[in-house]
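Visitor: All chains, full assembly: derive it from the sequences and hints.
Chain order of the listed sequences is R and E.
Start counting the first sequence at 24; every next residue gets the next number (the working numbering).
Start counting the second sequence at 2; every next residue gets the next number (the working numbering).
Warning: the hint list may mix true and false statements.
To be verified - Which bits of chain E does chain R cover? Going by a derived footprint, with three or more residues having C-beta under 8 Å, they are: (1) 31-44; (2) 59-73; (3) 102-113.
FYI, nobody ran anything at the bench for these hints, they're computed from the structure.
Yeah, the Cβ is synthetic: ideal placement off N, Cα and C, and Gly gets one too.
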Amino acid sequence: DAGVTQSPTHLIKTRGQQVTLRCSPKSGHDTVSWYQQALGQGPQFIFQYYEEEERQRGNFPDRFSGHQFPNYSSELNVNALLLGDSALYLCASSLFGDLYQPQHFGDGTRLSIL
Amino acid sequence: DAKTTQPNSMESNEEEPVHLPCNHSTISGTDYIHWYRQLPSQGPEYVIHGLTSNVNNRMASLAIAEDRKSSTLILHRATLRDAAVYYCILRVSNNAGNMLTFGGGTRLMVKP
Numbered sequence: 024d025a026g027v028t029q030s031p032t033h034l035i036k037t038r039g040q041q042v043t044l045r046c047s048p049k050s051g052h053d054t055v056s057w058y059q060q061a062l063g064q065g066p067q068f069i070f071q072y073y074e075e076e077e078r079q080r081g082n083f084p085d086r087f088s089g090h091q092f093p094n095y096s097s098e099l100n101v102n103a104l105l106l107g108d109s110a111l112y113l114c115a116s117s118l119f120g121d122l123y124q125p126q127h128f129g130d131g132t133r134l135s136i137l
Numbered sequence: 002d003a004k005t006t007q008p009n010s011m012e013s014n015e016e017e018p019v020h021l022p023c024n025h026s027t028i029s030g031t032d033y034i035h036w037y038r039q040l041p042s043q044g045p046e047y048v049i050h051g052l053t054s055n056v057n058n059r060m061a062s063l064a065i066a067e068d069r070k071s072s073t074l075i076l077h078r079a080t081l082r083d084a085a086v087y088y089c090i091l092r093v094s095n096n097a098g099n100m101l102t103f104g105g106g107t108r109l110m111v112k113p
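Guide: Written out as structure tokens, the structure reads:
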């Protein structure tokens, strides 16, 4: 049973470019959340997708957008990249509304902005 | 949302028990206490959770104070593989979206 998979594992971009990160949730999960983790800090919630709609959003600008597909996989898009967007981007999957079962995380995509 | 407070770092010897504290003085009656840990170069992984009673699983034990204003994650015999950042998180019962609010966590170092 595959867990959460993310691609790519590493990515290097320059300022002003756009990037798309991908996530496949754990089998049986219908909800995908994205987190940004800066070096030395805890993950910060970006947004969550369920039934192909954004359900919750953290304190991130509109440059961050996402999408969920009918097979529950998801993409995170970041436009007009800034140096401060350099971070580990984590995807987590879960069942919507289930507070008792844990979220399952992928190992992330390390994004470096030059 | 209620906040948690954890020490920045702790150190333990291999094969000894480790008690990782967490303060959550503003917890509400229906908030669940969750613990996750993040090993180097990996995403966070679930460890344990509880509401009021102490909980045990194959990874750890969770001791919750009677007033629920604090909790302690107990690793019974630390191994080198347990070196990680441990996060104490409160999950709000009306948060149907299941988002997790991470703090800075406690970095656990295990000495051989």
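Visitor: A separate judgement is required for each hint: does it hold in the structure or not?
Guide: The hints, checked one at a time:
no., hint, verdict
1, 31-44, "holds (count 6)"
2, 59-73, "violated (count 0)"
3, 102-113, "holds (count 5)"
Figure legend: structure checked against the earlier numbered hints; the only hint not met is number 2.
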